[in-house]
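Participant: Residues per chain, in single letters:
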Amino acid sequence: MRTALWRQVETLLPHLWRVVRGYEANLALQEDLLQEILLEIWESLPQLRDPERLRAYVLRIAHNLGATHVMRATRRRPELSLDDERARIQVQDGSHDSHSEALHLLEAVRALPVPLRQVVSLQLEGLSYQEIADVLGIDANNVGVRAHRARKRLQELLNGAR
Amino acid sequence: MELDNHLQDLWQSEMPPPHLTSLMHRARRHRQTWIAKRVVEALATLFVAHHYVMHTGSELGHWLFLPVALIFFPAWWILSYRNGSIARGLGGLAPAQYIQVRIEQLQSGLREARFSMWGAVILMAYAAASWWVMRVGGLAATAQTSVQPLFVISAICAILILGIAFWQRRRYRRELDICARMSHAAQDENDT
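Chains as they are written, first to last, in numbering that gives the first Met the number 0: chain A, 0 to 161; chain B, 0 to 191.
Just chain B, same shape as in the assembly (with noise of 0.2 Å):
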């Protein structure tokens, strides 16, 4: 004995939240963004460790983006490890966990934002600073040659990765701000 298909088609429209399948795409999709980015990262990495291993380049700026070398990426590769265990957490893919893991992703995506905007004033700072000292110090000619195209290269990755910070800072404290009300409605509901 079949049931009718109007009381087979009224139980069929009844579908899970929006809520709670749009947010299992975007924690997932955060965590393949996470992991693109650090293979980015870990190869930046290898190419500064080859360049100063390898000792090809300009001499000047060797030393000029030592710091850089030697405080960025050390910092960067922290806060990434910091960040990946909430990439790691990602196991469990249940849906009422998924807005506290959204929301452990968001945080850790303006930490991030945070570090990157800070990165690009200091890269930026540091770039004019020595760009300044080697107009004062009047270095050679050769000299200045071969290192100008570093420091343009440098303030206009600085620009790029502030604009970039800016803009992710907007977003992620939007959606953060959205899934905090979500998570305080899902807590009163289960007070009340």
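So that you can see chain A by itself, here it is in the shape it has in the complex (with noise of 0.2 Å):
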């Protein structure tokens, strides 16, 4: 049963990787951040009641992990690697724009506040808003409160990173 769940976790790899992307910045620490959140996975997929809500689960445990490192991270010193991430964006495909534009959307992303940041980066990744609300465990009606905020401050960072 567990090995069949981890069968469709790992079809949500990128959903995952993305979710990491949008809590840290530092590429060794991103890969770390996701040992960790598929660690958690792992260990909690037998308390999964239903499967059928296995992206929402999944994501929820991210997203407290993802919080938690922010915390974490801002009692730290900080330690933002941009240059080698645009580097690394700018190798893997020639088409530079697509992908600083990624970026630029990736940096305001991770510019916004901790609940801001999980709603649009949900919303992204096209959760309606009462899945948003199932994987925060919040109203669907706070869900677009935030989503609302959250849009336009990303607005104005993306105006201001232009």
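Just so you know, these hints were derived from the structure itself, not from any lab. On a predicted model such as this, the values are computed, not experimentally measured, just so you know. C-beta: ideal position from N, C-alpha, C; glycine also. Among these hints, one or two may not hold up.
[Stated by the list, open to error] Cβ-to-Cβ under 7 Å is the rule here; a few derived chain A residues that face chain B:
hint: 1; residue: Leu12
hint: 2; residue: Pro13
hint: 3; residue: Ala101
hint: 4; residue: Leu123
[Said to hold, decoys possible] Distance ranges between label pairs, derived from CB positions:
hint: 5; chain 1: A; residue 1: Pro13; chain 2: B; residue 2: Ala43; range: 41 to 47 Å
hint: 6; chain 1: B; residue 1: Ser12; chain 2: A; residue 2: Asp49; range: 28 to 34 Å
hint: 7; chain 1: A; residue 1: Thr2; chain 2: B; residue 2: Val47; range: 32 to 38 Å
Reconstruct the complex from the two isolated chains, following the hints.
Facilitator: Structure representation (structure tokens):
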């Protein structure tokens, strides 16, 4: 059962990777955080009652650990190595423009406060308000309020970056 | 309120680095191959054990290949047990660990390849020496006829094992080099 669920978790790896990227800028720490999230998911899988809700369950774990990671990181000295990340993104593909745009978006999402960041990143993953409410364990109306604020702030940040 | 499709596309264009996923597949496949190989070995051991216990086949063959059964199979199993801890240690299934696990798998693969090479060389030398002794000793024609296929089979097996072991060693070494560089790069990033 756990192994079968794990195969489904693996299909969600791109989502998890983007969650991680939204919380951490340092490449090495991103891999560490992803590892921590995957381990936590592996440990928690037996507690999942409804396999239909696997995606929400997995994303909830990822966001909880991501938020904890940010809290821990703010206590430590800031470690931002965006230069090597920019270099990596440019090396991955010759099309500089779309990647630099993606990087601006990523930076803008990272600049948001954690509650807004969570809502925005889940919205960008294509989740509805109700699904986001399920993942974050909050009311759907609250999601709407946060989403409105987050969108406004995100636009300001993106316009400022251009 | 929905976010722009353009922003969603941009966000979702971000994928995990390829080395994280391909490494997972390789490590898992290595584990499956490891299990399959152990099953074949177990069957081979049972076959040989049955051969000796039931005392079927050529009497001379029993004596000639007793050292192989006594040394080769126990050594094989000791090695398998040692490498087995690595296959069992794949429970964490987390990407960063996979590099380390893969390195250990490759090192164990190299150990197995080395063992196979030495095993093949010894098997061939033993078969050749036995053949020579049998010729010089002037064994009866009927005994020679019964033992001859055994030697031919062992020589073919030895050549096959040797060839596969060389190929595996080259492949494992190449991948080990890549993994080691990847691991060092990750370490350097952590250090800086």
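Participant: If you check each hint against the structure, which ones fail?
Facilitator: Violated hints: none at all, because every hint is consistent with the structure.
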